[in-house]
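Here the protein sequences line up with chains A and B, keeping their order.
Counting in my numbering, the first sequence runs from 3 upward without gaps.
Counting in my numbering, the second sequence runs from 47 upward without gaps.
Keep in mind the hints are simulated off the structure, nothing from the lab.
Hints are not guaranteed to be accurate.
[Claimed, not checked] Covered by chain B, per the in silico footprint, the following chain A stretches (three or more residues, Cβ under 8 Å):
(1) 583-596
(2) 725-733
(3) 741-750
(4) 823-835
Virtual Cβ for every residue (Gly too), placed ideally from N, Cα, C.
Residues per chain are reported as follows:
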Amino acid sequence: MGSLRPFGVGLVCWLAVVSNARPADGPASAGVDYFEKHIRPLLAENCYSCHSRGKKQKGGLLLDSRAGWVAGGDQGLVIVPGNADSSLLIRAIRYKDPDLQMPPDGKPLSKEAVAHLEAWVKMGAPDPREVSGNDTTSAAPPSDPIAGRGHWALRPLGADQPPAVKSSKWPRSPIDSFILAKLQGARLKPADDADRRTLLRRIYFQLIGLPPTPAQVTAFLDGRRPDAYGRVVDQLLGSPQFGERWGRHWLDLARYADSNGLDENFLFREAWRYRNWVIDAVNADMPFDRFLTEQIAGDLLPFDSIPQRDRQRIAAGFLVVGAKVLLSDNEGQKRMDVADELVDTVGRTVLGQTLGCARCHDHKFDPIPTSDYYALAGIFTSTQVVQTRHMLGEQRQMERLAGLGADGDERNAAYEKYWKEQSKNKEREKQVKAALELLMSGDEVKLADLARTNSAGVASLAADPSQPKDQRVRAQKELVAEVQALAATASKIPPRAMIPADAAKPADEAIRLAGQFDRLGKKVPRGFLRVISDGPAAIPENHSGRLELARWLTDTRNGAGQLAARVLANRVWHHLFGRGLVRTVDNFGRTGEAPSHPELLDFLARDLIDSGWSVKHLVRQIVLTRTFTMGSRENKAGTAIDPDDVLLWRAPRRRLEPEAMRDAMLAVAGQLDLKPLDSSVSYLGDQATAVGANKNRRRTDFPNRSVYLPVIRNDLPEVFDVFDFTNPQTSTGMRPETMVVTQGLFMLNDPSVMAASEALARRLLAECPSAGDKEMIDRLFQLSLGAPPTTGERADLVSFVRQSKARRVPVDGKDVNLQAWSLACQALFASSRFQTLD
Amino acid sequence: MNCHHFTKPITRRDMLRASAGGFGGFALAALAGKDALGAISPAAGPIYAPVPPLRARAKRVIFLFMWGGPSHMDMFDPKPRLNTEGGKELLGETVGSKKDKLGTVLGSPFTFRQHGQSGIWMNDLLPHLSRQADRMCVVRSMHTEGNAHGEALLRLHTGQANLVRPSVGSWVSYGLGRENENLPAFITISPPRGHGGVQNYGNAFLPANHQGMAIGSAEIPIAKAVVSNLGNPQISPTSQRDQLGLIQSLNRRHLGSVGHDPRIEGLIANYELAFRMQSTMPAIMDLGGESRQTLDLYGIGSAPTDNFGRQCLLARKFAERGVRYIQVSTDYTWDHHKKVKEGTVEECAKVDKPIAALLDDLKQRGLLEDTLVLWGGEFGRTPMVENGDGRNHHPQAFTMWMAGGGVRGGLTYGSTDDFGYRPVENPVHMHDLHATLLHALGLDHTRLTYRYAGRDFRLTDVYGKVVHDILA
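This is chain A alone, in the form it adopts within the complex:
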């Protein structure tokens, strides 16, 4: 700032200002209203980054409280209430004095903003802000993006070192120290280590979603190497089955499905390519920042080869697989709904924020003003995820598809053109055939008529009566063949995928008043969340802004990367322990829960970033801890002090997810086919669930892993429907876990359970042809639970099998022995030991 002249301000005047500034009843409140409406946002947006407590205090000046500017800066007083011309602050923002210009760097405020500040100073600078750095709790609305920066999830990552723990040999890693310190603080002790069988079963299910085979169990138990567990972990992390399990976790967030759902359940015939891209990317341990960037802007990234281009494009199918009201005739509404679905999905999935709340009004609880919502919405309204295509006899708005391969675009265009013109082609085919018949029968008059009215229907040679008849016939036959070929070649669907594109003319979006699509408020530039970063988003005018958004989401210095890392690390923890350090995994806002171990969460997030965003690294770090390898037994102290096991005094006991349960049944029965699948819906019609009788229903009768089962919205495979699969219409980080009667009915009666039980029985009988019941039972337990039965369990089964055989009521000519063992195998599948992971 330039030279400073002291201004004399009388005490009386100050008192007046002070009383004016109180947010009280009466005339004073009009001034405060003016401040709240015009001045606070202005200061927050333009000045706080350099002049607020907790940020910077440039020139010794604070502008985030009344006391701040009353005290003045290094150059003395900056505001003289009632006298704008004498106030340094006003002089600075007028930008006329070359030595005194604020905000700096040639970015003057708008004329309107200057006028507001002048008017505010003239009215005596009413200001209700009591304390610096405390803007959150004072008068700032919860949606204030600057004040909101104090919320725990939005603060920079802490760099806490693992805490000291009382003389303990227990910790195996820094993570353990964080856990143990909290346990000790609550006078709790960690549970004993899990026994090795339990641990092996746990790590197999957690990393690859399958049980270990008896041979794998034996090898592990017999191995003497101290690093045996670590070696199993590495082997599982490297197995292709890892991506099938951990990719599925991401697919829950991506609301992956093979059909649209909602009003018109059209088939997403090509969605599987995105599903398999996710599995492959997880297996390749693609760094998460790259993983995310490809999904948000893969179609905009540079590429070295066509296959690379296609992979990146397929990744961006993430934006296309959402559910949409396809038949709505309200285009304006639909456009905003589609963008909303994307804002909400990205916000929840990556940032753990409930952005959808800010669609109709400033967020009531989190620092997200409506203007930020529409800044993001503009990015997605500038993106095409639907297109008009031929479907079921008409041109309809459908999910956007694009061709794959070097000539993909041409082939796709030709295919669509064919369907668009198909009725015309069919008509033409009729005509050329009719012309041929006329020619053959020698009806020259009618043929000439036809050639006159429809020249495309008759070959020019054929239309010429002066030519030899055989040549005319040949010419017309060629035309028939040509027209028929046109129909035949185009009828096969070319390789294509769900791929978004930037709109022809990207544009900023106007705020919609009360969220109503046709009530326009002011336009806001496309951009990001101001609670995380200042300044304009620098989105080129002709770009949607998706690429910039993807970069911002993973930018750990100037973007949302630190929050994204917290959210992701917490999700990994949630999957491994059944509960996140932040229990509300999809809500890191003020209505979510605070972390149980905030320093640990930051430690994990930092580790994730430092590893180059390697999810496999993070998983490995966690599963190698002592914490992860604890047993799950209860103890009195734990139950009394921490009944929900928030502090992790024992390992959680969990129910298998439907995928793991089905895969385990098939695996144990010896039926599981580990071959990955492409489409599992190709046999379905364009309506995935037809109105009326639907003979072509989605199938589940193939023995491949459950991740490849069709995810038809509103018609999930029974095992998914019954056992709390994710709701594929919305992004979900935490599946519900329910106990409903249909689950019991499923295990007792479903044909798929019956079939797996019988296959297991056949396997047992084949593998141990001369064994007695007891050996058979031991083998059954080894296969299905990786452990021998207890004496009691063995006795239960022995008596059941004997009794069943004694009944001798063969059904369908089935062997009595096989029947008895099938029932026993099914009982084991239905048992809590099989369905629970200790």
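Following the hints, complete the assembly by docking chain B onto the known chain A.
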């Protein structure tokens, strides 16, 4: 969105305490006849709504859903001007539409008469229902959104179309709980598979025990319909009983070895319930125990009433056994883009007698007083002609009617303009209908909320007002 009400997150422990008297109470509560099944994960909120009920006029609802959209002006809302001006152009300005021309007016082919002491108007295709006129409250001023079936069905059943929301029956189940521990609180008989499909009886984010249990689907005759996995043709009942004994013994041994575990306790209770339901449900679905007189009353055994008659009788049996929300759906047969005359004749013939029988039967059994019967489709039909003799979809105005539990019989409420194009007096939006339905059941639609994804949601979003005038 209803974003204003936030409750403290509920832990699994809170939930168990609230629902089943604490740890270990899980199985006991279920066996004692209270419903302890439902959500057991920390993700979940309470199993049942923690709202104190208002005065309940009705204890349950039977919704008779006419899939496709019946033509209101051909059934309950006579419009003489359609006939005097048939064949003429309907101008937008006549009915307050922004469009210049709306199409050609199609007169109604039917004769209308007033019925009962109350003089409710009906067409001449409803000889049985017309005798119930004084029990009926006909709302002529319904309106909704969604020009296509899918959107309109979702709005009718869940209040919204662009987001997945719990269905009305699920909210009722959540709000009132079960009366019968062997049956779900929400059963849907022959639901449509398309136009939203399971979403129309889905629980969305409510605990899964509030999902409607489906019996068959619309295109399958109810006599052939089954509930999935409700029995096992491969195993004799004795064998299955033995097998259940083995499963439960294994489960109890597991439980014994780990101490307390609500999941295992819940699982044990769940198998018992599943096994019991295998015998209770088929017993209800078997109409063999009904008298010949009752079967005749519903028109069972004779065309064209057999199917809908069976559905209605089944609905009565479920109502009798304490199911809270029962929906009966027709097949997709009310969508008369062509031949609205023939179509309406045919459909009325299927449902007229069974509906009247249902009302009489409920009355006779003392159930009509606390059973609210609701009739209607997803929208109405246009006053303008389509395809020469049909009518198109019309969400702007249509008729639904109610009878029984808590509604004023013999009342015609609301009205439409001279063409049945839009409501002019006392319009009732779909959200208002939902609010009123809940109110009749003693549930305040503004307080029946569920916290999900950081917000409290309700059936009526931020809308809906109770139509007190139609409640007794």
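Now the hints, each set against the structure:
1. By the rule of at least three residues with a Cβ nearer than 8 Å to a Cβ of chain B, the coverage given for the region 583-596 of chain A holds, with 8 such residues.
2. Look at the region 725-733 of chain A against chain B: 4 of its residues bring a Cβ nearer than 8 Å to a Cβ of that chain, three or more, so the hint holds.
3. Counting residues of the region 741-750 of chain A whose CB lies closer than 8 Å to any CB of chain B gives 10, which reaches the minimum of 3, so the coverage claim holds.
4. Here the region 823-835 of chain A counts 9 residues with a CB under 8 Å from a CB of chain B, which clears the bar of 3, and the coverage holds.
Checked against the numbered hints listed earlier, the structure breaks none of them; every hint is satisfied.
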